[in-house]
Each structure stands twice: as structure tokens, then as C-alpha cells.
Amino acid sequence: MINLTNNSTKRIGKKMSPPWKHKEKHKHKHWKHKRNRKIRGNRLTEVPSGKRYKVLSVGTQFGPKRRLCHLGVLPGVDIIKKRSAPMRGPIEVVVKGSSLVIGRGLASKILVRAKDE
Amino acid sequence: MSKKSKEKNKNLNNKENVINIALAGNANVGKSVIFNQLTGLTQTIGNWPGKTVERKEGHLNFLNHHFNIVDLPGIYSLSTYSLEEIVSREYIVSNDVDIIINVIDGTNLERNLFLTFQLLELRVPLIIAINQMDIVRKRKIKLDFKKLEEIFKLPVIPVVAVHGKGVHQLLEEAIELFTYHHPHPHYTEAGKEIHERLSHEFQTIESVQKSNFEGLLSKKSFQFPDLSNITKFGKEVETKIRILIKKINKHEDYFEQFNYPSRFLAIKLLEKDEEILKLFEDRDKFSKILDLAADFREELEDYHGEDINTIISSEIYNNINKVIDQVMTVKKREFRKNIFIDKLDHLTTHSIFGYVILGLILFGTYYITFLVGNLLGGLLDEVFGMWSEGIYSIYGEGNVWVKILWDGGMGGLVGSVGGVLVYVVPFFLIIEILQDSGYLPRASYLMDKIMHTLGTHGKAIIPMILGFGCNVPACAGCRIMETEREKKISIALTSLIPCAAVMTVVLGLIGRFLGMFWVVVLFVINFAVVFIVGRILNKLIPGKCTELIMEMHEYRKPNTSVILKQTWARTKEFVFKSLPIIIILGVLLEILFIFNLLEPINMILAPITKWLGLPAITGIFLIYGILRKELTLALLVNFAGSIVALNWLMEPIQMIVFSLVTMLYVPCFATIVIIARNTNWKYALKISGLEIGLALLIGGIVNWGFVLISSFI
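Chains A and B supply the protein sequences, listed in that same order.
The first sequence lines up with residues 1 to 117 when you count with this note's numbering.
The second sequence lines up with residues 1 to 713 when you count with this note's numbering.
There could be a bad hint or two in this list.
To be verified - Covered, in the sense of this in silico footprint (three residues per stretch, anywhere, with C-beta under 8 Å from a C-beta of chain B), are these stretches of chain A:
| # | region |
| --- | --- |
| 1 | 66-72 |
| 2 | 78-90 |
| 3 | 104-112 |
Simulated from the structure, these hints should not be mistaken for lab results.
By construction, the Cβ of each residue, glycine as well, lies at the ideal position given by its N, Cα and C atoms.
Based on the sequences and whatever the hints tell you, model everything.
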């Protein structure tokens, strides 16, 4: 059987990608590493309260992540850690001008960096 | 005017124009205040058909139009995070709604506008109401409304809901949108003119109408402005969206029925929105589009190094900030914080004081409720007693029909009103105050960790607190939980909370004869059961517990009008939903009693009462208790002759077992119905079965344990 695709032999049977897509993928291929880059930051649950931080990444699952994104907890956003509930409970933060309460499990996956004023 | 137009006018005059409005916005922005002012006492609280999401609606007449207003639950976006968002989204694009009023908190523009931008993508007739303008002014923030209207090309109205300012203007704008089918730019001058015209008869409107006006504003005929300059994303995203839109438009005939604009569908496809993906399930037609969307998504995620949600949300917030920069100026950078509110906030979330305050509030709520309830209940009993005397003196004691209808039906009614409503109404009032002032999220914050051990999260404490008053609205209140799993677990746990009726039994029996120590012991056992059931359900029901994500607002002074109207609406819901069932059952049981059909039932129950070590007659009382829990005690007292006589009828251990069983064995019938309504009948029966089983088990253990131990002494 003649392989009519113009992709590499690894992708036998894969549908032919439209011309514009092929070009774009080639153009930005060197950005692929960005996704897997290591992010150095502190967990929101471990940093001291009462200070300003900058969100570096939100590493939660898809559902809660979408919720947090819609509420404004996004990389690059300013966040103030107001307080942490007793008994390793939820964290109260201030984002986009109002207070949010985030459960501990989620908060531990939010990486932040201290903002020096 | 010509003869033909005169006739048309006559018809228009007779038929009122009906405008359907939905209020959409974040929680705690003042939506309820606006809703309350518009609908007053006409508001009803119910459920969306077949869904466990609260639906508040009401109506009013204004300027010759009839407005139906639906207050949507507080939402932060139109995604699939919670059932509330899904239901709201579907409703907003449906043909049941003509105009959406988006209520925004002026002091918190950035986050509030996120929902606004989602609404803009839906291209629905929209009015933007910026509320809390008094606080905005107090903080020396200036908002340029003219610029806002220029940018959004839709009516933007400043509102101070608590003062009633601007509320009716919203309706006037709605009438204008309804009449002209497109937003009228720069309404300030033209609007005044139109307002004057609207105040006259309909005849005047007809003279400026467009030819296709039939009194119906359909979403299709509405000319939504072109807002691409504020809603468009970065180039790499926009090119992909455009391609997807082209593909989607090829199937226009299919997608037309859903009322979603193509751009909205394209964006949601990229975001992997579960509900929208369902529309694309037909593999033959749509597999290409789905694959394309997936490829685009992967490209964007590789390009930006973030997932798609972050990308799209960042773009939207970018656009929001561009708008805010143009319209908002803050004169003074610092504003004086309210020290009292700050201190209150600190205290109520403190590691120690927070819990102390929570305990005090619970105790205080209970105490006040009982105080008021007992007072009113006593009064009601007296009145009913006098009525009964009167009725019997007229009809005689032997009249069967009187007994059935009066004792059963009316007795059931008074028993319910006396037994439940007098406790429930003051309780609702207190809960509404706690809710409106902003305390309840603090309680969720404090209890989240503990709730996790029960398989749910902090918000579940709120219906449980409600459950101390009455399980019926409490179980309905489990609607606030986001997922089915949470709802099921919290409903089961809430139904185990001892309500006011149960408390009367425990206090009346144990408290009176055995002292407060044993009352506390019983409570501890009850909570232990709650804990155990929580653990069991956590393992049994598949899925993981969702984490708490909740906005916590500043404390604020509760609004009297809102509290009273909400309490009334909740009371109405309870009265019209549960009372009929209670009355019918009361009549049925009375019939059984009169025709002596209870003896056979007694015999059937004998093994159970033997197992529990209780006197045989109590079996019937426990059956009655399914209808209304306090009936178990009431009937016991009735049977014994007097309260004191109970001492001779039952041993202390029997009292303990009896109270325990009453506390645990089954939710009262009204509660079972509410559970079924909010989940399904299968689950409601399962929970009832579980609780009966637990009650019998624990009652039996206590009984036989006692027998065992006492045989050694």
C-alpha cells in the first residue's frame, strides 16, 4: 500500500493536516518545551499570611482549574494571602479585589512567588 | 388614524404586553434586593423543573406592561462548574426570557465583568445595572457611565438598590429594548423623550413602531451591537475561532434551535465545555469539527505554555481591564477601612474564637427559636382547644366525619402550624439574617476541614445548621452544593440532624426525667451516627469530594425588607409544598384510628418493640412519628394520661431507647418528599431504609447492652 500522507512514517493512517495548520505547527514547534517547564515557586499553603504574592501556576485538575481561572486566579495575577483556617483548613485570599476561600487541597497546588513591594 | 390602525390599537390595549426578565449576576451583589423591590410579596421560591437548582420568580405591572422576573442563582461565569451555571445558561438563551438584566457590584468591577463578557458572547438583549453606587462614591471611585454606554453599546444604569434608586429605570430600559428591538445608543437625551411617550397610551407607541412589531421580542429579531473590539482575543486565538465559526455555520439549520451564537459555540469547543460538546455528539457530522477544535486547543496550549482555561480566561480579563482603564478613575488611593467590620471578620474566623462564636450562634438560634416557638405554639394549642370544644358541642362527640375532618385534617393542620411553623418561621428569620449579613460563608470556612471527614465540603454546614430548625427547608437547602454527589451526601446527613420537633421529644422525655446529661449523651450519639453515615456514603457513592471554592463577602448590615420577604417566600414554599401531604396523612391516620385498624398494626410491630425493649403500644406512636416526629411524644403522653404518668409507663432505659429511635429512625414524611424531589425517590427510600436500620440497630444494642450489664449487677 502506498503511503499517501506527507507526514513521517510514524504517522501511517493519520489524516492529512490542512496546509495552514502544518505551517503553524512547524513555526512554533520550538515552544513545545514551554508546557513541561519546571516552575519554581512556593505553595500557597506554605507561605506566610498577610503578604502579597504573584501567582505562578495553578496545578489543579481541569474542573476546579476552570473555576479558579474564571474567578481570576491566573498566572501573573496578584494575590494576597489573608489567612489560613485552623486545623489545616481552607485558605482565604484576595484576588481581583475580593476575598475567595479555597480548599486546602487546591490551595496546595497553587504556586506563588513573593512580591517585593 | 385609519380605521385599521384603530382596531389594532384596541387589541393592543386589551392585551397587556408581557416582558420576561431574568436577573443575572454574582452572588451578593444586591440582586436579591432589586428582585425584592420589583416583586415584593409575589415572589415564590421553587425548583427549576427536574433540577435541584433554586428558582425565584415574581411579577409586577409597570407602565402598562406585565413583567415576569426570574432571579437566577448567583453565578460567576457561564461554564459547567455547577448545575446553577448550566441551568442559568440554558435559560438565558431560551425563548422564555426576553431581556437579561446583569447586576454588577460597582466596587468589584473586574470580577463582575467576567460574567458580563460571557453574557455578551451570548448576544442576548442585555441591560447592565451597576449596583452599590453609594459605596462606589464613598470610596471616591468615579465611573464614566457615558463612556461605558459607548463601549458596551447597551444601556448601563447606575443603581443603589438598597435605596431603590434606579430600579424602575431598569424596567423603563427593558420596555425600550422590548419595543425597539435594538439598544438605543446614548439614551440619556432620547431616553427621556421615549419615557415621556411611554407614559401615554399605547397609541403613541404605535406611531413609532417598526413594521415587524407584533408585541413579541424574539432573540432573533434583536439587533445586538457589534462588540468585537472589546471582546476579541489575541490574533492566534481569533484566527482559530474564525475557522471554527465557518465550520459551525455550515450546520446552521441544526444549531439554530439552541439559540447559541456561533462564536460562543466555537469558544466553548476550544474550552472543552462538556454541555456544548453534547450538541456535537453526532459523529458523522461533527467529528471533523471536534478534531479540529482539539488540534487548535493543543496548539494554543503549546504556544502559550498554559492550559486552555488559563488562556481564554486571561484573554477575557485582559479585555476587561482595557475597559476598566477607560471608565474608572480612583481619586484617592487609600480609603479608610471600616475597623469594626475588620475586627468582626478577624474574630469570626479566628482559630479559637471563631468556633466559640459559631457554637454561640447555633445555641442562640436554637434558644430563641424555642422560646418564640413554644410561646406561639402554646397560644395556638389554646385556640384550637377552644375551637374543638365549640365544634364538638355543635356536632357531638360521636360524629365520625367530624372526627376525621376536624381531628385528622384540621388537627393535622394545627399540629403542623403549631408544631412546626411556629418554630420554623423564627428560625428562617434568624437564618436569613445570618445569610444576609454575610456570616454563613465564615461558618463554611471554619467547618470545611471537618466536613471533609464526612465526605463533603464546608458549604454543607449551612443546610445542616438549617436542619436544627426544620429538616424540610434544610434538605431543600442542599441545592447550594455543586455536584450531585455532594447534594446526595449532604441531604442524607442533613436529614439526620435533630430538628426542633425531635428536640421537643428529647427534652420532654429525657430532659424532664433523666436530666441534661443524658440529653447531651443522646446528642453525641446522634452526631456520631452523622459521622458514620458520612463515611459510609463517602465510600459508597462514586466520585471524589470537590474542594471548596467560595467567594467571601464583607460583612454588611442586613436589609430588613429583603430578610422579611425572603422569610415569607421560604415559609410559603414550605406551607404549600409540605402541608398538604401532612394533612392528608393526618386524615388517613385518623381514619385508621377510628376504625380500630391499629390493633393488627400493633401485632406486626410487636417483634420490633420487643427487640427494642419498649412497651408494645409505642410501636404505633413511632409509626405516627413518621408523619410528625413530635407526635411520638404527644401520643405517648396522651396514652399515659399525663406527662408525670410517663414515669410509671416507661423505665429510664426505655425512655432513652425511645428517644434515640425517634431521633434517628427516619426523616419525617415531609422531609422524605423533599429528599425525593431534590434527588429521586429511590435515594429517598434508600436513606429512609438506612436510617431505620441504624435506629433499630443502635436502639437494640443500647437495650440489650443494658440488659446484659444489669444482669451482672
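So, going through the hints one by one against the coordinates:
no.	hint	result
1	66-72	holds (count 7)
2	78-90	holds (count 7)
3	104-112	holds (count 3)
In summary, this structure violates none of the numbered hints.
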